[in-house]
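**Q** Protein chains in written order, with my numbering: chain A, 1 to 256; chain B, 1001 to 1375; chain C, 2001 to 2318.
Keep in mind the hints are simulated off the structure, nothing from the lab.
Beta carbons: idealized from backbone N, C-alpha and C, even for Gly.
You may find that some hints are simply not true.
Label pairs and their in silico Cβ distance ranges [as the list claims (entries may be wrong)]:
1) C:E2012 <-> A:V253: 29 to 39 Å
2) B:E1307 <-> A:K194: 33 to 43 Å
3) A:G236 <-> B:F1267: 52 to 62 Å
4) B:F1339 <-> C:R2186: 32 to 42 Å
5) C:K2283 <-> A:E204: 28 to 38 Å
6) A:G236 <-> B:R1030: 25 to 35 Å
7) B:P1041 <-> C:G2062: 54 to 64 Å
8) B:L1003 <-> A:N88: 31 to 41 Å
9) B:P1025 <-> C:R2082: 46 to 56 Å
10) C:A2285 <-> B:T1273: 46 to 56 Å
11) A:E252 <-> C:R2028: 24 to 34 Å
Residues per chain are reported as follows:
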Amino acid sequence: MKIFVCIKQVPDTEAKIAPDGAGIDELAVEKWILNPYDEFAVEEAVRLKEASGDIEVVAVSLGPERVKGVFQTALAMGADRGIHIVTNDPLDPAQVAEALAAAVTDDGLPQLIFTGTVAIDDCANQVHLRLAHNLGASAAINVSSFSWTDEGAEVFSEAGNGSRNRLLLKAPAVVAVTRGINKPRYPTLPNIMKAKKKEVRRIELDALETGSGSPAVEITAIEAPEEFTGGTILEGESADTVPELVDRLHNEVRIV
Amino acid sequence: MDLRLSEDQKMIREAARDFLEGECPSSFVRDLEGSSTGHDPHLWQAMAELGLMGVSFPEEYGGLGKGFLELCVLIEEMGRFRLTGPFFTTVALCGMAIIRFGTQEQKSQYLGPIAGGERIMAYAALEPGRSWDTSSCALRAEEDDGAWILNGVKIFVPYAEAADDLLVLARTGEGSENGLTLFIVDTSDPGVSLKRLQTLGPEHQYEVLFEDVSVQGNRILGAPGRGLEASNMVSQWGAAAKCAQMVGGAQRVLEMSVEYAKERVQFGKPIGTFQAVQHNCANMAVDLDSSRFISYEAIWRLEEGLEAATEVSAAKAWVSDACSRVCRLGHGVHGAIGFTMEHDMQLYSRHCKEAELAFGDADWHREQVARRIGL
Amino acid sequence: MKTVGIYIETQEGQVKKTSLELATLARRAGRDSIGILFEDDAAEAAKMLGLYGVKRVFHITGDAVADYNPDVFARHMDDVIRDQGIEDFLAAFSDRGKDLMPRLAARLKAPLAVDCLDIDLDSSEAVQAIYSGKVNARFRLSGDVRLYAIRPNTVTAESGATGAAEVITVPASVSDTRVDVREVVRNVSERVDLTEAQIVVSGGYGMGSAESFRILEDLADVLDAAVGASRRAVDEGLAPYPMQVGQTGKVVNPELYVACGISGAIQHLAGMKSAKTIVAVNKDAEAPILKKAHYGIVGDLFEVVPLLTEEFRKAIHK
């Protein structure tokens, strides 16, 4: 059985993000990492492989040359090979989903595709469901628990405020996972070294013939939000500061 | 001359950093220091699974097949995360000694289990009242019908309580040339007793008493009388690797200090805008950079099998002083908050102090350098 | 002017505040709006929606939609949107919104802007906070249909129209689905959902223990607030993951956010910095969160929080 994992490279959470026209200053980003939610996805795929035996895990990602680095992590965690759709173009979520669908179909439609439920850079929250639609696959997001059965993928999808839905997804299925589903492994040093030898196939985006023109969602500007210049610190005995705070919130800010 | 880490070395560093960042926060390290043995079996197991113990071991013994330099890259990261525990003594001292001087049988018996996280070993060479030069060893080992009987005392043995075995330097004859032998002693052997030492540093140190401890001949590392060469090598590896550890700690101290200097406001401005603070941080950066290069030169020479005694002593002397300065300035930048036990600064400065004294202090190493340059 | 479509969410039969926010947004933009509602009974909802300016409600009802199924719901919404020639469609950026809007967008081949802090229906522009809130991105959507999922609490719901909305019943149709909902596990909580709450009280590592969160619950009771936690608190087992506020947890947008014993790491700020008023209680005067708070109290939270509860109780009952 073949499983795909869609992975994305994003700036490290500590990275300095500076606007640069309609994008960000990528040179200012010192460290790029595998999207944390995609780490859960890779881990879930590798666990299924370890439990079931005859499974190939293929990591697929889209982006410029530097995206190569994110395959190293996925392969070191246990993915078998990778597919890198190479492009420098800024694509909108619909175009990304289209490219992924083309690459996946080209390689051979799998039973199961894992991905993270959101990417922490653009937080678009939609590539997974668009991808599923393009492939005619079932899909669930916010998946906190997964098991593979004869009927398909049985998942728990978090529905908000602690509620959850148990769903059965008929294969092929796109499963977008969230935190709590597993604890991703640290790649072992031997696996890190072995990962260097695993195949990552490069496909130029143009070669996929996806046919999409310009993005339907265009970024017109990136702005730094207003810097907060500081508030009021109340110091002293709680017996004094607390009534003062409540008074301000009640009368000045009129919240409560 | 390419002074950068290789791709593989960078990968090892990144992997170690990610793991230690996730698993060794300040609270964990503090708990470790306060625990009875200073050893956490869960962390140990996780480290073994990651392959950390076996980085410098040959692949046939479950290792990664890399060398001493890669091991030091790892030890530098442990210094960065102020991680204490039996890793250093087990892997950098005992493990390296067994690879280089052990018999085939000893390598098979010990290296695989160490790599697999199943065996902890501690190096015991220093003695009370004696010099950093371990060839002044007095603990006696006398042959008695195929076995050797050990009598004496060793001091500053790290993690002896957590250890399964001790690698003990003993006197089997007169003089240093042929009179010293390394023995592998099981800590549960009758006659071995431990006393925990209350030290300023965060590591668990012990005094170990040997009273008529009987050791079989096959537990001699290599051959009888060959202990000088082995113990000298262990001292060099130890000193060089301690330098790497100090560099890792100093790097983090510099980063914390610069971050703090940018945030902390006094007299209406961030203290990082004051020239004195800037100069202090600059000096820390220079001390760190110089320490890094003098350490890795010594480490590289040891890895390549080149004569390294001068470089190791030069590094240990310099790095001990330089990292001590970095810690002192780090305390200075952090001011009052850096004086509290709650703040991590004291973890770094105490760990550094301990490292300064391991394998010879700065003055002792300066003497070695002086001798080697002809005085 | 082009009519705006709105996905109406309900809870226990009542229209959610977040849907009323969307209706208000449409009205302020000078647009007529229609709502799409999946519910057993539409009468109450229609009355409420009418007050907020919604003219017509398409009430989709029947066995096929008695339970939530994302594909079934999306298909019916798709039908109404095409039928009515809707060009701008709104939903709250809620868990439902996240599940439905992308499916709808894929079906309609339409662009979707998510977690919008601001939208301009006339120029088809939206603003979203990205990279953990470190920057805002301005988007322009192009296409025949445009979808927007709006962050809860960015618009204050305001009634002002009169008359109930007209209810148009749409019988739900059955068709094959690839997603089968086997079970719905409902969490019964008296508290309002974190992501929609007007007031959030959060605890960090400084709380010390899971039991200590009681004092935050007491404060939340008085303020009718939701209770959240920092990642550190969750990692250390002081609170469960659904309570986590931050980059890898929930993003909240309340009027008032009270952070107790939370140091204020960037990842936490990412989840709450859009709050209108931030109050921080921390015993460490150097804690980063104090620089981001509108009001800060340097003190022992175990002393301060119960006092806050008392003072708020007095102030509210005056």
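**Q** Now look at each hint and say whether the structure bears it out.
**A** Now the hints, each set against the structure:
no., hint, verdict
1, C:E2012 <-> A:V253: 29 to 39 Å, "holds, 31 Å"
2, B:E1307 <-> A:K194: 33 to 43 Å, "holds, 36 Å"
3, A:G236 <-> B:F1267: 52 to 62 Å, "violated, 22 Å"
4, B:F1339 <-> C:R2186: 32 to 42 Å, "violated, 53 Å"
5, C:K2283 <-> A:E204: 28 to 38 Å, "violated, 57 Å"
6, A:G236 <-> B:R1030: 25 to 35 Å, "holds, 32 Å"
7, B:P1041 <-> C:G2062: 54 to 64 Å, "holds, 60 Å"
8, B:L1003 <-> A:N88: 31 to 41 Å, "holds, 32 Å"
9, B:P1025 <-> C:R2082: 46 to 56 Å, "holds, 54 Å"
10, C:A2285 <-> B:T1273: 46 to 56 Å, "violated, 20 Å"
11, A:E252 <-> C:R2028: 24 to 34 Å, "holds, 26 Å"
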